[in-house]
Amino acid sequence: MASDKIKPPISLSILALFGLILLLLQLMSSATQESSELSAMYSWLLLVNALGSVVLLGLVGANIYSLARQLKKREAGSRLTTRMVSLFVVLALAPAAIVFYFSMQFLHQGIDSWFNVEIDRAMEDALELSQASLDQRMRWNLKKTRQLADKLEDSPATLATFEIENLRDLSGASEVTLFSRQGRIIASSSNNPSDILPSLPDEHIWLQLRQSGEFVALAPVREAELMIRSIVTVNGKEPQYLQALYPVPVRIADLADSVEFAFVRYQQMHFLRHSLKLSFSLALSLVLLMSLLAAIWVAFISIRNIIAPVKALVKGTQAVASGNYDQELPVIAQDDLGFLVESFNEMTRRIARASDETRMAGIEVENQRAYLETILANLTAGVISFDAVYKIRTANQAAYRIFHVHVNQFVGRTLLELVQGYAELAEPLKSIQRLVEQADDIWQQRIAFLGSNGRQELLCRGTPLFSQDGRRVGAVVVFDDVTDLIQAQKNAAWGEVARRLAHEIKNPLTPIQLSAERLQHKLAEKLTAPDAEMLQRSTTTIVQQVEAMKEMVDDFSEYAKPSKKQTVDIDLPGLVQEVLALYVLKSGVKFKTNYDAGLLMVKGDPVSIRQVLHNLIKNALEAIDGKGLIEISLHRVQKNNTDFIEIAIYDDGPGIKDEQIEQIFEPYVTTKAKGTGLGLAIVKKIIEEHGGAIWVDTSRRLPGTAEVSQSVGNRCDKVGAGFIIQLPACNF
Amino acid sequence: MRASASHKSSLCRSLLCCFLLWLLPTLSHADTFGVVVKNAEIALKGDSYLLSADINFQLSARAKEALQNGVPLFWDIHIKTLQHRDYFWDSTLVNAAIRYRIQYHALLNMYRVRNEGSRDVYNFSTLSAALDLMSTIRDFRVMDKTFYVPGKRYSVGIKVTLDRDALPLPLRPVAYANPQWYLSSDWTLWPLTK
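Chain order of the listed sequences is F and R. Here the numbering used here is used: the first residue of the first sequence is 377, the next is one more, and so on. Here the numbering used here is used: the first residue of the second sequence is 5, the next is one more, and so on.
Read the hints as simulated data drawn from the structure, not as lab findings. Some hints here could point you the wrong way.
Said to hold, decoys possible - So the derived list for chain R, only partly shown, Cβ under 8 Å to chain F, looks like this:
#1 E69
#2 L111
#3 N127
#4 A133
#5 P177
#6 Q184
#7 W185
Since we're looking at a predicted model, the values are computed, not measured. The C-beta atom is built at its ideal place from N, Cα and C for all residues, glycine as well.
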């Protein structure tokens, strides 16, 4: 921020640069004027300008290189910059090139127009005229000198010194000198007394003199003074040379000088024509080059400044596209682009807000879903939802508890697919699948099946799900395991029956028995022997049957009364051993026990549990008909996070028929000729009152029983029967 | 591929030929023009060391043409006396220059040489005579005897330069670019002995 403040505005820097360039160009332009003081600096100015051009070229080159790299990287805004710069260069270059071309044309034509054959000729003629005029004067002067020499020929050498003075006056020469043949000065006279030494001819003049005997030429004595030097031979005994210097009249000298100046100037210009064109072209090119390069460079800077918001916008858009809504672009200027940037910022703010709201809604939905899932998971009823093709979408924990199939195995499969892994569930699953597929409305059905824990009864309620346009999109099935409920209902009904029976039947039985005995007692003596015997037989039958009915009624009352009278900790192995001790003496029966190590304790009424064991062992003994193997095992098992003690009793008897398995625990269900059919019902009642469960184990048989079954040819499917009891274990 | 390679090599060869052809006149001119200090002699006369030297001026065709067309040429004959020092750069004891201007006068058909220092003017009917005047240096005083320190080494150098910045303005860029105008000599140094 501080550096921004210190930095001068870019427009000022550009203005300063342009000023400098203009100054340099102006200086160079001034230097081209021959008379200018800057003329001496022309080369330096040219060099500085050329260097400036090179620097600008470098700057432009660097910008182009940077732009090319940006283009290669496909950076935001690079293509727009390229387009704008190209447009600018074309727009700037085209008129500049046209102006440059015509300027060059005018320049060349202008310079060429200075020179033409007529002026050439006139200049040469003027010079020739001057030369002819001077030539004439020279010849006339030579003639005069010859006359002087003639006069001097006759006079003796000694008088020459005096004679020369006269001769000079006579001829009008400014200086007259007589040289010996060797070039020695014999006599000299000058109209300027200060000239001590006369003007001496150089070696070239002497050479010419010796060759032709005469010499005449113009001699510039001083800068602007012309003299005519004429030398002639003075004939005599010893040849001598007379040199006479005649001044050229000032006017003629001036005119000749003027003509020469003009001629030289013209000739110079003519000679320098190409250099002049080159020089002007160079200056013009330099001006054009510098201006163009500076303009292009400034264009680069300006376009970069213009593009900056666009670039930021592109980057911002890319960021927004990739999901970053926190973009806040700086508003550089309050122009259209600034407005665009502000609009963009507003848009991103709104998007961010909308995105936040969506996310919050998502979280809300997720929470709701989790809440529902928790509720579903904690429902005792199993809930399974299906999609449109009847694949399971969700299933809760209760479904797992009811079917004993893990939830993970439900999802994404149809019920029929599940059947393959769980044969015992085939019947209910097929029924549910059929109902789900067929029902167009809410349906409810009870489905009974034989599960791994015995007979189970499910109450299923299904609801097909429809989309808003009436398409079937799935279904929901809710099912409850109502086995216990139904059993409880049955138990209650049976209990009521038993209680009524005990009450209604037991009361008249005693009078019946007593009456029969009284009849026997009173009439036996009064009857004849055959009648007395018949009476005896009848009364005995009555008494026996009454006894039997009493036993039956006792059994009923036993069944009807609650079994869990007191609750203590029972050491099951001890209890089992205690009960078995009563049976081990029986010949032909072999008992086998198998207990888990450690404490196997349950809470319950020991009398009731003992009765359970008695009933089951008795049942087994009856099944094996007094000889065979009875196996009792005690195991610790865990089910639904609860510890159970499992009591398993197996025999190698004829087994239980499939159709009986379902009803074997019902009162009055028995396969035996003798018995009330209440034994297993009471067992089941006691176990359930202790919070346990009992079922027929169809999965296990004693070894060798299958062979027995085949050899005997019995129709039973299962050979050897087994009961499994699970009681909640005591936790210490 | 081979064809293109041979094409490339032939292109290179022709380019080299062109370059050599362009260089050839430059080389030939380099032999025929330029200024060389031919010989120099330093003699002790009286209290002064006097330098006599002969310089060979060979003007290039372009310079002669310019001179013929009335362009004056300015020549500087730089003369310096150096005292050598072992650990430092040499000190310049005398630094003198003779500046001549030579110009052709069309009216008189003469070459006029003017010593810009003494303002003496000499006229010659031929260019060689005019150049002769500039090429002869006789008894130019380079150092007083009193400055001579025995044991030190001295040398006298001569350099002749054509003042290109004194040329007419349009000719200056050309003069810097065209080798025909590179007429100046290098420094020629002679040891000054007692």
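Restraint outcome when P177 (chain R) is required to lie within 8 Å of chain F by C-beta distance: 6 Å, holds
Residue hint Q184 (chain R), partner chain F, criterion CB-CB below 8 Å: 12 Å, violated
Hint check, N127 (chain R) versus chain F [nearest Cβ-Cβ separation less than 8 Å]: Result: holds, 6 Å to nearest chain F Cβ.
Supplied contact hint for E69 (chain R), tested at 8 Å Cβ to chain F: It holds, given that the least Cβ distance between E69 (chain R) and chain F is near 7 Å, below 8 Å.
Chain F contact restraint for A133 (chain R) - C-beta distance below 8 Å: Holds, about 7 Å.
Status of the hint placing W185 (chain R) at chain F (closest C-beta pair under 8 Å): Violated - the Cβ of W185 (chain R) stays beyond 8 Å from chain F, reaching only about 11 Å at its closest.
Minimum beta-carbon distance criterion (8 Å), L111 (chain R) to chain F: 4 Å, holds
Going down the numbered hints, you'll see the structure goes against 6, 7, while the others check out.
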